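Number of protein chains: 2
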Amino acid sequence: MKNLFAVVLAGGAGVRFWPYSRELWPKQMLEIVGEDSLLRQTIHRLDDFIPAENIFVVTTERLAPDIQYHLSALGAKAKRIRLIKEPLGRNTAPAIGLAAVHLKRIDPEAIMLVMPSDHVIKDIRSFQEGIRTARSGAEEEFLVTFGIKPNKPETGYGYIEVEAGSWKEGSALKKLRRFVEKPDLEKAKSYLKAGNYFWNSGIFLWRVSKILREIEQHMPLLFQGLKTIEEAIGSERESETTGTVYPELESLSIDYGVLEKSQDVLTVPASFDWNDIGSWSALYEVLEPNAEGNILRGNVVSVDSENSILFGGDRIVAAVGLKEMVVVDTPDATLIASRDHAQEVRRVVDELRKNGREEHLIHRTVERPWGSYTVLEKGERYRIKRVVIHPGEKLSLQVHRHRSEHWVVISGTAKVTKGDEVYYVHPNESTYIPVSTLHRLENPGRILLQIIEVQNGDYIEEDDIERFEDDYGRV
Amino acid sequence: MKNLFAVVLAGGAGVRFWPYSRELWPKQMLEIVGEDSLLRQTIHRLDDFIPAENIFVVTTERLAPDIQYHLSALGAKAKRIRLIKEPLGRNTAPAIGLAAVHLKRIDPEAIMLVMPSDHVIKDIRSFQEGIRTARSGAEEEFLVTFGIKPNKPETGYGYIEVEAGSWKEGSALKKLRRFVEKPDLEKAKSYLKAGNYFWNSGIFLWRVSKILREIEQHMPLLFQGLKTIEEAIGSERESETTGTVYPELESLSIDYGVLEKSQDVLTVPASFDWNDIGSWSALYEVLEPNAEGNILRGNVVSVDSENSILFGGDRIVAAVGLKEMVVVDTPDATLIASRDHAQEVRRVVDELRKNGREEHLIHRTVERPWGSYTVLEKGERYRIKRVVIHPGEKLSLQVHRHRSEHWVVISGTAKVTKGDEVYYVHPNESTYIPVSTLHRLENPGRILLQIIEVQNGDYIEEDDIERFEDDYGRV
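Chains as they are written, first to last, in our numbering: chain S, 1 to 475; chain F, 1 to 475.
Isolated chain S (complex conformation) (with noise of 0.2 Å):
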């Protein structure tokens, strides 16, 4: 469809699927639902329908690198979908915001579909149906909102009233009449049995110029924001005129600081299924439980267990006799929650920042371009981690100032530079990278490269790197 650009929120933190989403790892990258991660699910939503080109993935600096990454699993395509980065996040209103004032320089005409990166839509035919629908709208200055039909008396979701009847003739679309904070269990169930209630999905779709007209209007501020970004994009001064301005501006969501204050919204009935999955439980909606009720991955043994989601990983997680229970398992933490606290999990990630500790911020392993690595031990004075590097992939060419590092090699063949030398070192042989020493780790080989890397010093931190040359942009 012609002018038809796609806006993916991804610059979430998704803390209430700790730990299995860290706050360098967000629920978007998740492959919790379905066979590949909710983000990637979102972009092939949209396939044969939005090109590439004319997707972007709005999401914040700090994430930018890994989303990118994440991104280039979609193969050729991934290439061609752009990134908006935030300085950093703030809610959809700036978000979406930022966003415009990007596709009206590509396209004054531009119509833009707003779109959460994590959550579950399985009917994607239903959905681009939905899409022409609310384009129909758009085109006559609407603000259109995609508003789905319960099934069930739902207390977790915001519901959108609409008007009886279509607001034209012949228009699936209807008029929004309020939007409708979560409601208690007795409201949920008149709403399901009215008719005319929605649950509010954070879809979204109308014109760039239109809703850069409501924000001049309803949220001034941010429009005198987003109108100095603009002036700047594609200038040299961009990202610091981004990183000045974004910060300061106003961090509401798009439905508090516009919809609900325009007079131009509609709200297209979707009819597809639809979840935000917003905590551990409400994978229950979206997952086939077994004949006892249990939702069970990975190293699990359940004895008289029922209703649970249990996901082990290599571990043992052993659950005796539980009941709508939630276990979690990774490397370095585990959440054992009883399914109706499961929201109360942002509470631990709340201590666990207070403590200074690192298990809210990354997993044990961690993605990189060339492939990842995994902290095996953390002691004093050392590190240990196993370290993959996909074939054809170089680490960047660094130093570092207060660790050497022991590499063993376990599998595949490793080409080290160190200092002026080039050497090639294979299966159960070291080599020895002194302190403050340039080095640079490759697999020119067909197979996975895996070292062991025992790191001695007296710091050793991740940030102890200064990068001279690399492959992905990193120097």
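These are computed hints drawn from the structure, not numbers from a lab. A quick note: this is a predicted structure, and the numbers were derived from the prediction, not measured. Errors might be hidden in some of the hints.
Since copy identity is lost for identical chains, a pair holds within one copy or between any two.
Subject to a maximum C-alpha distance of 20 Å in a straight line, what follows is the list of computed EDC-like cross-link-like pairs (lysine to aspartate or glutamate) [stated by the list, open to error]:
#1 Lys182 / Glu466
#2 Lys193 / Glu154
#3 Lys187 / Glu292
#4 Lys378 / Glu429
#5 Lys149 / Glu129
#6 Lys354 / Asp314
#7 Lys323 / Glu306
#8 Lys193 / Asp273
Chain S is fixed; fit chain F onto it per the hints.
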């Protein structure tokens, strides 16, 4: 007291405390209550009462090296305590019989105190007082059992019913009427009220000659076997004979096999505290919970959790909204159980055994006489260990036929023997031991030696080891 010997039964597997306990690290070796292991607390209970050379610990061949090393933490007296080794674990009747024939050779007048090694008794004075009382019965040719005065209607213990009144004028001992199986709550309440019911503690005192006569009468086959073993004790046939005869003995408890049938049983109504801590839940009876009713240990983040046992380790365990739960985390396995299902942990152990795993068998950190090793990761053709060697200790002179080893020193100084060479390796230095090369690792220094060992090979199991010299008798 003259002729008084203690026999500590320490062959049990204690699967009910998995994953803290393992087949090769059973409950008696755990420091779950008090500052020391249950076994060492059991030995300390005899301090200044029974000399160390009169203390015998009965355990299995398989456990014996670890038990021996475990006892060495008792200091000088450990060398005086003797081990009696069962070729494999039977039940208490054969174990007590085996100890009896050993004691009989040392002192035909021996009086033996039989004690489990994994119970909690804090009131040592009252315990020793009980022994004095029991002795008076033993000297009049009775089998004396220790009955614990119940303080609640416990349904998890067997009971002893005694005759009202003393068995003889002026004695605190009572004549045993019958053994009673674990009762239901109603019966337990009536026992508590009746006043002549006691918990069966598994602690006994009798003359060696008397228990052997009773075994002869009530378990003649066991008696025959014991006689055969007795004749071989001290000869070069001892080990072979015990190894042949013992596994064929009937596996029965002394309660069923002898005490229920004997006419000569008295009971000491003991007033000391006693708990057999038969499961994780039983810790509630011997440890003090905090204001939320939780018993916490290690790295735990608790949010809205109550009345739960939450034992973390180095990793983070987050407990959210738990009620009446048991969570026990170890490096390779985590147990999550509802408190009322804590007994079912054995089913997890059965499952692991069936699946050929080893999480029921050993811990990831394995204690050795010279220190310990921790498996950090095991993969195809490699395994990574952190090895810790105490000052002055050394591993055996050994050779592996299927693996090479890379050693990186992270603290201390290593003295390395490799073939004919002897040399030293310091922190941030490494060395390499090729396959089939005789080698030895030693800590000649004053501080802990820690090395990271990366093993490479076709076969990397612990049994690929030939020992040539060993300080700990393992050649």
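Hints numbered earlier in the text: which of these fail when held up against the supplied structure? Hints 1 and 3 are the ones this structure does not satisfy, whereas the remaining hints hold.
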